[in-house]
Each structure stands twice: as C-alpha cells, then as structure tokens.
Amino acid sequence: MPTLYLRENPDSPLRHDGPVYRFFEQESEADALVSGNVWISTLETCRNYEDPKQGDKEEARHLYNSGLAVGGSGEPGFAEIARRSGFTIGPNCNSVWLEDITYVSVIPDAYVLCTTIEFSPNELGDTFGTYCVKILDPKQFLLTVTKYLDQVVPIKKFMAGKVLYGARNYSGLDKPLSGPLGFVKPPDDYTEQQEFRFLWIPEANEKIKPFLLKCPEVRNFCQRISGGGGIK
Numbered sequence: 023m024p025t026l027y028l029r030e031n032p033d034s035p036l037r038h039d040g041p042v043y044r045f046f047e048q049e050s051e052a053d054a055l056v057s058g059n060v061w062i063s064t065l066e067t068c069r070n071y072e073d074p075k076q077g078d079k080e081e082a083r084h085l086y087n088s089g090l091a092v093g094g095s096g097e098p099g100f101a102e103i104a105r106r107s108g109f110t111i112g113p114n115c116n117s118v119w120l121e122d123i124t125y126v127s128v129i130p131d132a133y134v135l136c137t138t139i140e141f142s143p144n145e146l147g148d149t150f151g152t153y154c155v156k157i158l159d160p161k162q163f164l165l166t167v168t169k170y171l172d173q174v175v176p177i178k179k180f181m182a183g184k185v186l187y188g189a190r191n192y193s194g195l196d197k198p199l200s201g202p203l204g205f206v207k208p209p210d211d212y213t214e215q216q217e218f219r220f221l222w223i224p225e226a227n228e229k230i231k232p233f234l235l236k237c238p239e240v241r242n243f244c245q246r247i248s249g250g251g252g253i254k
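Just so it is clear: in the sequence shown, position 222 is 244 by our numbering, and no numbers are missing.
Any given hint could turn out to be false.
Stated by the list, open to error - Label-pair distances were calculated between CB atoms; the ranges are:
1) N59 x K179: 20 to 28 Å
2) E51 x T213: 22 to 30 Å
3) N242 x G99: 29 to 37 Å
Keep in mind that the hints were calculated from the coordinates and are not lab data.
Positions of the beta carbon are idealized from the N, C-alpha and C atoms, including for glycine.
Whenever a hint applies, use it, and build me the whole structure from the sequences.
Here you go:
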C-alpha cells in the first residue's frame with residue numbers, strides 16, 4: 023500500500039515536529055479518542071458544514087485557468103501552460119491557441135481527521151469546543167489508524183502534514199500552488215486554526231461516510247488535556 027507521509031521530507035513546508043491537538047465540543051468525544059475510538063470524518067462532510075469556520079465548500083479543489091496563450095512545441099512557457107491545462111504538445115506543432123481553458127483538480131472524497139499544531143482553546147473553543155486531546159506522536163498515530171482503517175476500507179494513499187494558507191486558484195505562468203490537494207486553504211478565514219491534517223484516500227471510488235473506528239493502539243499516543251492546559 024503506497025504511503026506519503028509529508029512530514030518526513032525535511033524541506034516540506036507541511037513538516038511539523040511535535041504534538042498536535044484535537045478539540046471537541048463534548049467531553050465524551052475526547053474521552054472516546056483516548057480510549058481508542060477514532061471518529062473519522064470525510065472531505066464531503068467538511069464541505070457541507072454550515073459554520074464557515076468549519077465548512078469549506080472548495081475543500082481539496084484547485085483551479086487553473088490558461089488565459090490566452092499562443093505558441094508551439096519549442097516554447098517552454100507555452101508547453102507549461104498546455105501541461106497545466108491538461109494537454110500535451112507534440113513535436114512540430116506551431117501556432118496553437120489555448121484560450122480560457124479551466125482545469126480543475128479535486129479529491130472527490132476522502133477520510134480526514136483535522137487537528138491543530140497549537141493548543142489555543144481561547145481562539146478555537148467557540149468553533150470546535152474546549153475539550154482537548156493531545157496527540158503526542160502524529161506519525162505513529164497516522165500509521166496506527168491507517169493499519170486499522172485499511173482493514174475496514176482498503177486505502178490507496180494516506181498522508182499527514184500542516185495545512186498551508188494561500189491561493190488555490192492560479193492562471194497562466196503564475197507560480198504553482200504552495201501545497202498538494204487537500205492541504206491548501208484560503209488564509210482569510212482559516213489561518214488562525216493552524217491546522218494539521220490526516221488524510222486517507224480509499225481505493226474504491228465509492229460514497230463514503232464518517233464513522234467511529236475502533237483503534238485501541240492509539241491510546242499509546244493520546245493524552246487528555248483540560249481547557250485550561252492541565253492534564254486530566
């Protein structure tokens with residue numbers, strides 16, 4: 023089963039060394055996680071939240087527009103615009119026109135668990151709740167949850183890393199987007215969340231739903247923290 027753990031690359035902007043935190047509205051939900059019961063959500067669920075600080079209708083969706091470009095095979099800039107638009111320019115092609123072509127990259131749906139790299143109950147409590155679980159080792163948490171999840175729903179790819187805050191739409195020869203699908207969010211509404219995300223893409227292209235995954239081994243990596251910062 024292929025894996026892409028984004029924190030492993032020392033040069034990755036998604037890298038984060040240290041624990042992450044999961045906030046809950048209900049104390050029973052926090053207690054469930056430290057007991058080895060992991061609530062796995064989905065991208066589509068996140069897209070449909072009514073609260074704009076939780077919901078993101080464009081979750082895991084990047085959009086590219088070619089603008090107007092005219093050129094041929096021997097022009098690197100034109101070839102790059104064609105590639106970004108989903109075309110391959112063959113040899114000996116000249117005077118090719120590309121105009122207002124939109125290419126959308128999207129993850130239709132995937133399992134997701136959202137955390138934060140900062141313990142900030144005052145900033146996040148109103149949106150996500152004040153009951154908190156500290157995940158001591160995000161890498162081992164990811165690998166352990168993946169092992170159990172793959173037994174229920176075969177997983178094609180899994181990854182984890184910091185969410186980057188920037189544009190998800192670009193055009194022409196603009197600088198490529200700062201991060202991969204599923205790990206870029208617009209800055210205005212979300213930067214303060216400092217999200218660290220776990221993402222699992224299933225093998226089958228079928229409708230998926232959030233569910234509670236029994237994963238007893240994650241108890242080794244989870245610790246309950248009170249809203250005031252003390253260990254419960």
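Consistency of the hints with the structure:
1. N59 x K179: 20 to 28 Å: holds, 24 Å
2. E51 x T213: 22 to 30 Å: holds, 25 Å
3. N242 x G99: 29 to 37 Å: violated, 52 Å
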